[in-house]
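Asker: Now for the letters of each chain:
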Amino acid sequence: MAELALIIVSAVFVNNVIFSRFLGLCPYFGVSKKLDTAVGMSMAVIFVLTLAGTITYIVQTYVLEPLNIGYLQTIAFILVIASLVQLVEIVMKKVAPALYRALGIFLPLITTNCAILGISILAVQSKFNLLETIIFSFGSALGFGLALVIFASVREALETREIPKTFQGTPIAMIAAGILALAFMGFSGMVK
Amino acid sequence: MLQLKTFPKGGIHPSQQKISAQASITYGEIPKQLLIPVNQHIGRTANVVVKKNDVVKRGQLLAQASGFISSNVHAPVDGKVMKVFRFSLLGGAIGEVIQIQPDEPGKSYREVLEQDVELSVDLNKLTAEEIRKRIQEAGIVGMGGAGFPTHVKLSPPPEKKIDALIINGAECEPYITADHRIMVEQPAQIIQGIKILKKLFPEVPVYIGIEDNKPDALNMMDKAAAREEGIFVVPLKAKYPQGGEKQLIKAVLNREVPSKGLPMDVGVIVQNVATVLAIRNVFYHNRPLLERVVTVSGSLVEHPGNILLPIGTPVSYIMDKFNIDRERVRLLLAGGPMMGRTCHSFESPISKTTSALLFFDEKAFVQRQENPCLRCGNCVSVCPMGLDVAIYVQMVQKNKLDDYAKEHIMDCIECGSCTYVCPANRRLVHWMRLGKRIIKREN
Amino acid sequence: MNIKEKAIKSFFMENPVTGLLLGLCPTLATTTSAENGIGMGLATTFVLLSSNVVVSLLRNVIPNRVRIPAYIVVIATFVTIVDMSMQATLYQLHKTLGLFIPLIVVNCIILGRAEAFASKNTVWHSFLDGLFMGLGFTFSLFILGSVREILGSGAWLGIRLIPESWNTILVFVLAPGAFLSLGFILIGMERLSRLFERGK
Amino acid sequence: MVEILLPGFILAGFALISASGLYLASKKFYVYEDPRIDEVEALLPGANCGGCGYAGCRALAEHIVNDHTVDTPCPVAEPIVMEKIADLLGLEASVQEKQVATLLCKGTHENSALAMDYRGIQDCWAAVIVADSIKDCAFACLGLGSCVQACNFDAMRIENGIVVIDEEKCTGCGICISHCPKNLLVLRPVSQKTIVTCSNTDRGPEARKACKVACIGCMKCQKVCQHQAIYVEDFLARIDFEKCTNCGDCVEACPTNAIEMRGEQVYVTA
Amino acid sequence: MSKQESGFKVISVLVLIAFFAAALLAYVNKITREPIARNMKEETKQAVRIVLQNLGQFDYPDDPLDKSLTEFTARYFTAKNASGQIVGYAIIVKAPNGFGGDFDLMVGIDSTGKVLDTYVLNHKETPGLGDNMKKEDFKKQFRGRSLANTRWAVKKDGGDIDALTAATITSRAFTAGVKRALTVFNVLNEEAKQ
Amino acid sequence: MEAKNLLIMDSSPLGLAGESTRKIMYSVVLSLLPALGVSFWMFGWAAVRVVVLTSLFCIALEALIAKFFNSKIDYLDGSALVTGILLAMNLPSNAPWWLLLIGSIVAIIIGKQVFGGLGQNIFNPALVARVFLLISFPLQMTSWPVPGQFDGTTGATPLGILKTEGVGAIAKLKTADLALGYVGGSLGEISALALLIGAAYLFYKKYITWEIPVSFIGTVFVFTAIFYWINPQQYASPVFHLFSGGLFLGALYMATDMVTSPISGRAKLIFGFGCGFFTALIRLFGSYPEGVSFAILFMNAFVPLLDRYFPEKKFGMQS
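Protein chains in written order, with our numbering: chain U, 1 to 192; chain D, 1 to 443; chain R, 1 to 200; chain C, 1 to 270; chain S, 1 to 194; chain X, 1 to 319.
Keep in mind that the hints are not guaranteed to be accurate.
Result set (DSSO-like, lysine-lysine): computed pairs, CA atoms no more than 27 Å apart in a straight line [stated by the list, open to error]:
{"no.": "1", "chain 1": "S", "residue 1": "K134", "chain 2": "S", "residue 2": "K67"}
{"no.": "2", "chain 1": "D", "residue 1": "K18", "chain 2": "D", "residue 2": "K198"}
{"no.": "3", "chain 1": "C", "residue 1": "K193", "chain 2": "C", "residue 2": "K212"}
{"no.": "4", "chain 1": "D", "residue 1": "K83", "chain 2": "C", "residue 2": "K212"}
{"no.": "5", "chain 1": "D", "residue 1": "K237", "chain 2": "X", "residue 2": "K72"}
{"no.": "6", "chain 1": "D", "residue 1": "K80", "chain 2": "C", "residue 2": "K209"}
{"no.": "7", "chain 1": "X", "residue 1": "K172", "chain 2": "X", "residue 2": "K23"}
{"no.": "8", "chain 1": "C", "residue 1": "K209", "chain 2": "C", "residue 2": "K243"}
{"no.": "9", "chain 1": "U", "residue 1": "K165", "chain 2": "R", "residue 2": "K9"}
{"no.": "10", "chain 1": "D", "residue 1": "K5", "chain 2": "X", "residue 2": "K72"}
{"no.": "11", "chain 1": "U", "residue 1": "K34", "chain 2": "D", "residue 2": "K406"}
{"no.": "12", "chain 1": "D", "residue 1": "K321", "chain 2": "D", "residue 2": "K107"}
{"no.": "13", "chain 1": "D", "residue 1": "K398", "chain 2": "D", "residue 2": "K260"}
{"no.": "14", "chain 1": "S", "residue 1": "K134", "chain 2": "R", "residue 2": "K95"}
{"no.": "15", "chain 1": "U", "residue 1": "K93", "chain 2": "U", "residue 2": "K34"}
{"no.": "16", "chain 1": "D", "residue 1": "K83", "chain 2": "C", "residue 2": "K84"}
{"no.": "17", "chain 1": "D", "residue 1": "K80", "chain 2": "D", "residue 2": "K51"}
{"no.": "18", "chain 1": "R", "residue 1": "K95", "chain 2": "S", "residue 2": "K45"}
{"no.": "19", "chain 1": "D", "residue 1": "K153", "chain 2": "D", "residue 2": "K198"}
{"no.": "20", "chain 1": "D", "residue 1": "K107", "chain 2": "D", "residue 2": "K260"}
{"no.": "21", "chain 1": "U", "residue 1": "K165", "chain 2": "C", "residue 2": "K169"}
{"no.": "22", "chain 1": "S", "residue 1": "K30", "chain 2": "S", "residue 2": "K94"}
{"no.": "23", "chain 1": "U", "residue 1": "K127", "chain 2": "S", "residue 2": "K30"}
{"no.": "24", "chain 1": "D", "residue 1": "K398", "chain 2": "C", "residue 2": "K169"}
{"no.": "25", "chain 1": "S", "residue 1": "K135", "chain 2": "S", "residue 2": "K156"}
{"no.": "26", "chain 1": "D", "residue 1": "K400", "chain 2": "X", "residue 2": "K314"}
{"no.": "27", "chain 1": "C", "residue 1": "K84", "chain 2": "R", "residue 2": "K6"}
{"no.": "28", "chain 1": "U", "residue 1": "K165", "chain 2": "D", "residue 2": "K9"}
{"no.": "29", "chain 1": "D", "residue 1": "K5", "chain 2": "D", "residue 2": "K18"}
{"no.": "30", "chain 1": "D", "residue 1": "K195", "chain 2": "D", "residue 2": "K125"}
{"no.": "31", "chain 1": "X", "residue 1": "K72", "chain 2": "D", "residue 2": "K400"}
{"no.": "32", "chain 1": "D", "residue 1": "K440", "chain 2": "X", "residue 2": "K313"}
{"no.": "33", "chain 1": "X", "residue 1": "K205", "chain 2": "D", "residue 2": "K398"}
{"no.": "34", "chain 1": "X", "residue 1": "K174", "chain 2": "D", "residue 2": "K9"}
These aren't lab readings, by the way, just hints derived from the structure by calculation. All of these numbers come straight from a predicted model, not from anything done at the bench.
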């Protein structure tokens, strides 16, 4: 149990997807302009990443490894993730339209979120078992969501500040992210 | 005396400056010409019913209310209509005025008033219907500043059960002493007015809220009310903006008017003392709203005082009367320094809502160099409405109002407390007003 | 197509990183040194170029509805090829770039160019587009890598610039420094782009 | 050979399962949507990078179709793509003559003096909270530049107390119109040269007192116009752009110079 | 999507592409498998050459052997000279409880049990502090030390080792790691004698 | 224009309470004097040198920016001075001049001016600089001169000792020494008492409120107490945690920075709790001995969220 808790803490704070692993930065900067959007995106990522982590684990353990074709990992994973995302989108649209309106619109964006593929590959590399993989994927997504939501609120606040013209837009966002990364450095070494 | 009541959240203690508090109400003369503003109230503009060269009598209707939320305007003196045109009013607005050439310029207004017969009023014979109708016809509006037609306030829809009446004698703004003097000099008449209002809401207790910085007014009102049943004088701890309707209700009854709501939503009707006096005069003198008491004060006024004047009297008349040097005046305020409005013409006339005229020179004006917001939170802590002023203002400045701010910014009562305490010297109220304006424009 | 203009465009105005803000993950993660930046950039360029060519070749064969999955498969194939060949020949570099080689698959530039350009243009034009976009990407990675290496390690392309005993600003080789440097480089590149635009 | 074919079959299997799964799912869970969304999405790059601020290409397509606007360009696509989309949706289809914003006031500091020393927030809307007008004329341009701030094309500037519009830069987007608290801005076709540069509806004497170049409602222009294109209403001359031929008769007739001819005079023979 | 393509065509194109992609990859894999495997070993072997570089000519096996002691396990390479005599060992141990957790350390030991050199294989110590253990200034003090001639602790704890400035924990871990390697050497040496 | 005769028009109100940015800033400077005094006494001229240099650097940098980029900046409004002094209080007294210069550049430029200057920054400038330096120059930032000894002897802070040596090593430290500042550390870390005296003045002037310091310090106390109670052999006592490190400096001066803390009372309580929680977390489990600066910087990022979701209680929103 303590093991699993450590995996979560590590994934959320210590090895935060954004600030430590540098994964999923495109949506991080793209979707963090508005708080509402950021919250929706975070939810969608948590859902999809947990699911994707689980399924890629199964693909790796029961197909790729027994057949000794580990080099197909990238292509197999991305194929699985892309279809999975699209499947979820199609099904959600029909079965739960309300949920689709809230989360579904973020789904296409997730296919090319490198956090999904990256975390799936990392989970395999870390030699986690199924439960650990699920927890790890979930925790990583949670870390992504946390970073995204804070950052979106910071960017919304920046909109009301007197940012010099030169720094407006992405440059100031980068600098704010840099300072946030400084703060995240404080968590280093918490999980060994 | 009981423990002093006040509203709990926010508020400030600006320097009182009630230098005219002991000056009895004086009376002016009829000026050479009067400019009667057609629109002296909140609501639809009245329709002018006189033409150039018409001869009008004192009390004659000049403009007819154009709907329920509107108000009549009457001629305060006998005279001739010269013309109807657009002119600068007190407070920066430009609006239609009716220019009247009085028949007897220079005649003491006191004499005019003394010609009005004192009628005896049998309260038992008055019906609620009749009272409302006569108040409406007399063009009575809230004389505290806003100018909301009084008959509308007194006609709550039947589903709103009124269980308390509050008479607003707080007068929390610095300098202004008009209501104070009325309470000192005419307490019995105010009580007569209250008793007329009580006919509309029988059995409902009446509270007269007066701040403790006016002990003589408290004393006089206390004595006058002592003989009456169901009328209570409530002494209040002096704090600005206690005279705000919502703050007064909170202070007196500890009830909170909901956001975007009206006092009647918590079963209360608030009337200003001057308004009550005007109502009284409708019944005891058969006189519509023709005049009001104006405090004349400020650093350039040698002998500050309170003067009763017919509505439409130009500021220049008052300046002559009080010996105010035109060359030195740089700042003319209609109302108090916290919520009053600056004016730009000495020819503008006083209206039903002009409670004070303050004259200052350049020194009184604070050079506002707006500095960046420090987010110190002073504005938030003094805001009697609990608004996050600093945050909203930043949004207004960048035109990035979010839904949350839009929902609350309209609750601002523009009392000015935030601007008063801002260390960065920011024009917070002005920005808030601008924010309101932007929201209205969007809708 | 004017090649020179196209080159300037993809290096400055439409630079994938500083102009379009695409492919940020490898940009920030792998630029601890100028050399790593170039390595990552060239790997991406190869994939971009090859997939652009193949997608352009297949543009009339692939049905519209599965074009995205099909492109992804094509891209993933080249990525894996790069991955394996780098591991075989440039082992040390591959080790530092690590996870980010397979992640080239999800670099938006590649899919974006495949979709926006290669699927609608001839093979030769797609080749040029892939080449210049890739080099533009490499260029910004090189710049970022140089800044971070010089400030953070006191060296450039592995050559020590200041005495061993001097302190370097370590933060620049770490995550916060990556964001901060990119923030300032964005401003510099914007200025440069404007210069070029005015020069036209 | 097996070691090459086997992986091929396995991956083909993956592809088969996912493709047919998706195909079946899209049939079974079909939901109707505006088909144009698909068409627009097909034109967009499909990189789903989120660079436009929307959550992916489909979200942008939905925005374009549902809100019927191409205000948010895709940062990845060539500009031609957005033009194609606009064509597809019939946006900007009708070719109109270029319109420009025009200020209906000539109340410079010389013509209509300041009536007060306004010290509040330097913004027209903030000023009208304090006073209806800061100049002698109640209808004058305040010259505090709310429209200048609103203009996205740098086409406006304040000069001598009133706003001056650069007709070259003006795109006729009309955003400034709603930002004028005095409602002094209108759009006019560039070929319309004759304008009444006044909005004062007061009677002649008062209008003249307020501004040297005010329209005093004298009706001379109405009388002189041969095309019934100019008429006086509320003591203010107004021009019907449909009928006006820019002949310039009214300009000459106006005693207060309240009617102006912009640029070169163009005669239109009826 | 203006035209509706048939489901069969859609699926089959995708399947075909996937098939060719995987086949291509399998082919590339076939070519690169060998060099990759070689590269992976090469790194460790490089380290062995560094830590044992003072031994002159020697041979050692391609893959390390495992050695389990009660508290920990280690891997080692045995270096032999041309005549088949053991001239030294390169022992890989986990240095315990560093700042960023355990890290892998390779220690070269000559046949007399003296430390030749050290090499840090991978670590998560703080840049600028702990990772100074890779620097010559710190490493050189270990050369020539053996289990017997040294108190294996940092000076602060009453030993002989100078700790890195402001990185006591890393220094402790490093010291403990070297000590472990020497312990392994003793065991191996005993076994070799038998 | 003959504006002379025209009447002034402006929006009400026309009075002012007489507060100003400068007054606030210089009051903060004043309140820092006791703590500065203690560190001057402890570390001698070295400490004076650090404070003077950082203050000069910070003001000079703002003056340069004011000259070349944004003439609206008032570099003498005291805010740059406060940043300079606070930065100095986060540094060791033997810090080399280039460290002070880099710190000042980071604080004023990256921490403040890129966001638009006074009042616009999201993160506390002095802390941005401190964390930046801590990560970049760990060697210089973790060896501290020993107070009272002017011979350049360096040692670790009590928290540093705790992290490397364990609980046993700090047993000999007396609480009174910790509270009075007779231990190693940065300029402002050393005397909790002097800091409290200064802060009392700010409380009196109402420039800071009780919420953040109380919930910050309280949370650290509670969390460290819980772990101390679980295992006193492994974790230090809460009293030790209270008086060691920069907790008081952080809780009284850095977290309460008006610009980077939330506005409403409720939000301040949560903000303080967050600071305390992450401080305790980093101190107990992280690899850095001190977590105050990281925790505050981290919570700074939450301020917009807190402002939005825990605003002031609105009038008329009862029921």
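Asker: Taking the hints in turn, state whether each one holds.
Answerer: Hint by hint, here is what the structure shows:
1. K134(S) to K67(S): Cα-Cα ~25 Å, so holds.
2. K18(D) to K198(D): violated, 31 Å
3. K193(C) to K212(C): Holds, at about 22 Å.
4. K83(D) to K212(C): Holds, because 23 Å separates the two Cα atoms, which is no more than 27 Å.
5. K237(D) to K72(X): Violated, at roughly 43 Å.
6. K80(D) to K209(C): With a Cα-Cα distance of about 24 Å, the restraint between K80(D) and K209(C) holds, given a limit of 27 Å.
7. K172(X) to K23(X): violated, 43 Å
8. K209(C) to K243(C): Violated: K209(C) and K243(C) sit about 32 Å apart, past 27 Å.
9. K165(U) to K9(R): Satisfied, since the Cα-Cα distance of roughly 23 Å is no more than 27 Å.
10. K5(D) to K72(X): violated, 46 Å
11. K34(U) to K406(D): holds, 17 Å
12. K321(D) to K107(D): Satisfied, since the Cα-Cα distance of roughly 14 Å is no more than 27 Å.
13. K398(D) to K260(D): holds, 25 Å
14. K134(S) to K95(R): holds, 19 Å
15. K93(U) to K34(U): Within the cut-off at roughly 24 Å; holds.
16. K83(D) to K84(C): Roughly 63 Å separates the two Cα atoms, so the pair is violated.
17. K80(D) to K51(D): Since the Cα atoms of K80(D) and K51(D) sit roughly 10 Å apart, the hinted pair holds (cutoff 27 Å).
18. K95(R) to K45(S): holds, 16 Å
19. K153(D) to K198(D): holds, 14 Å
20. K107(D) to K260(D): violated, 47 Å
21. K165(U) to K169(C): Holds, because 22 Å separates the two Cα atoms, which is no more than 27 Å.
22. K30(S) to K94(S): Not OK: K30(S) and K94(S) at ~35 Å, beyond 27 Å, violated.
23. K127(U) to K30(S): holds, 25 Å
24. K398(D) to K169(C): Given pair K398(D), K169(C) holds - Cα atoms ~24 Å apart, limit 27 Å.
25. K135(S) to K156(S): holds, 21 Å
26. K400(D) to K314(X): Status holds; Cα separation ~21 Å.
27. K84(C) to K6(R): Holds, at about 22 Å.
28. K165(U) to K9(D): The hint is violated at about 39 Å.
29. K5(D) to K18(D): Holds, at about 21 Å.
30. K195(D) to K125(D): holds, 13 Å
31. K72(X) to K400(D): Measuring from Cα to Cα gives roughly 23 Å; hence the hint holds.
32. K440(D) to K313(X): holds, 24 Å
33. K205(X) to K398(D): Distance of about 32 Å is beyond 27 Å: violated.
34. K174(X) to K9(D): violated, 45 Å
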